[in-house]
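At the far end of the sequence shown sits residue 97, using our numbering, and the numbering has no gaps.
Derived from the structure by calculation, the hints contain no laboratory data.
It cannot be assumed that every hint is accurate.
Estimated spans, in silico, between C-beta atoms of each pair [to be verified]:
1. 88 to 58: 30 to 40 angstroms
2. 65 to 93: 37 to 47 angstroms
3. 63 to 85: 26 to 36 angstroms
4. 28 to 89: 38 to 48 angstroms
5. 18 to 90: 31 to 41 angstroms
6. 92 to 15: 38 to 48 angstroms
7. 96 to 66: 38 to 48 angstroms
8. 62 to 97: 41 to 51 angstroms
9. 63 to 41: 34 to 44 angstroms
Just so it is clear, CB atoms sit at the ideal spot from N, CA and C, and this is done for glycine as well.
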Amino acid sequence: MQSSSSSFHPPQAPEARALHQQATIWLAVSLVSSVACASLCLGLGGAVFCFLSMQAATHGLLEDARDKLKWGKVLTLVGSGIGVLSTILSLAFR
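Build out the structure end to end from the sequences listed, making use of the hints.
Below is the structure:
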């Protein structure tokens, strides 16, 4: 009989758990910034990369998870910067 703590996924290494947690945080940041900063395309692209990073970390593909998380962060930050800049410029030239 299986215990209640068993799951379909093998136990993750501490580094994989840390990457999964970082990707989850950046996924939330990406989704919030895509709505708040009006950078829908880049924010959603960042969210997709963060989600893919979470999946790669879950499967133990740590290098792939790091690369996808990096691109998720880049897209999120660039999209947020463009959104903030466009908001400032639109308010300045009214």
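### Message
Let me make sure I understand: some of the numbered hints might not hold for this structure. Which ones are they, in numerical order?
### Response
4
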